[in-house]
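Novice: With our numbering, the residue at position 21 of the sequence shown is 21, and numbering never jumps.
Label pairs and their calculated CB-CB ranges:
(1) F60 - I39: 24 to 30 Å
(2) G18 - T41: 25 to 31 Å
(3) E62 - R42: 24 to 30 Å
(4) R26 - S64: 16 to 22 Å
Bear in mind the hints are in silico, worked out from the structure with no lab data behind them. Beta carbons are placed, not taken as given, at the ideal position from N, Cα and C, and that holds for glycine.
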Amino acid sequence: MTEDDRIIRIKTVLDRTGLSRSTMYRKMQNGTFPKNVQISTRCAGWRESAVNAWLRNPMFYEASEQDGA
Numbered sequence: 001m002t003e004d005d006r007i008i009r010i011k012t013v014l015d016r017t018g019l020s021r022s023t024m025y026r027k028m029q030n031g032t033f034p035k036n037v038q039i040s041t042r043c044a045g046w047r048e049s050a051v052n053a054w055l056r057n058p059m060f061y062e063a064s065e066q067d068g069a
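Throw the hints in and build the complete structure from the sequences for me.
Specialist: See the structure below:
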């Protein structure tokens with residue numbers, strides 16, 4: 001699995017982005033942050049490539065259907 005294919009968990013996402021949990025979920029609802037991926041019934045993560053894309057340009061990021069696919 002390449003770095004861009006990895007699924008990263010919420011703690012890693014929050015550490016990398018500097019966002020609070022509530023801000024991150026609000027941005028997800030607005031479509032300005034990558035959608036999460038369900039790993040199992042009670043477990044979710046984010047595609048590392050989508051988080052990296054957001055980090056490169058957070059002001060102009062728009063979530064795509066692939067982010068949470």
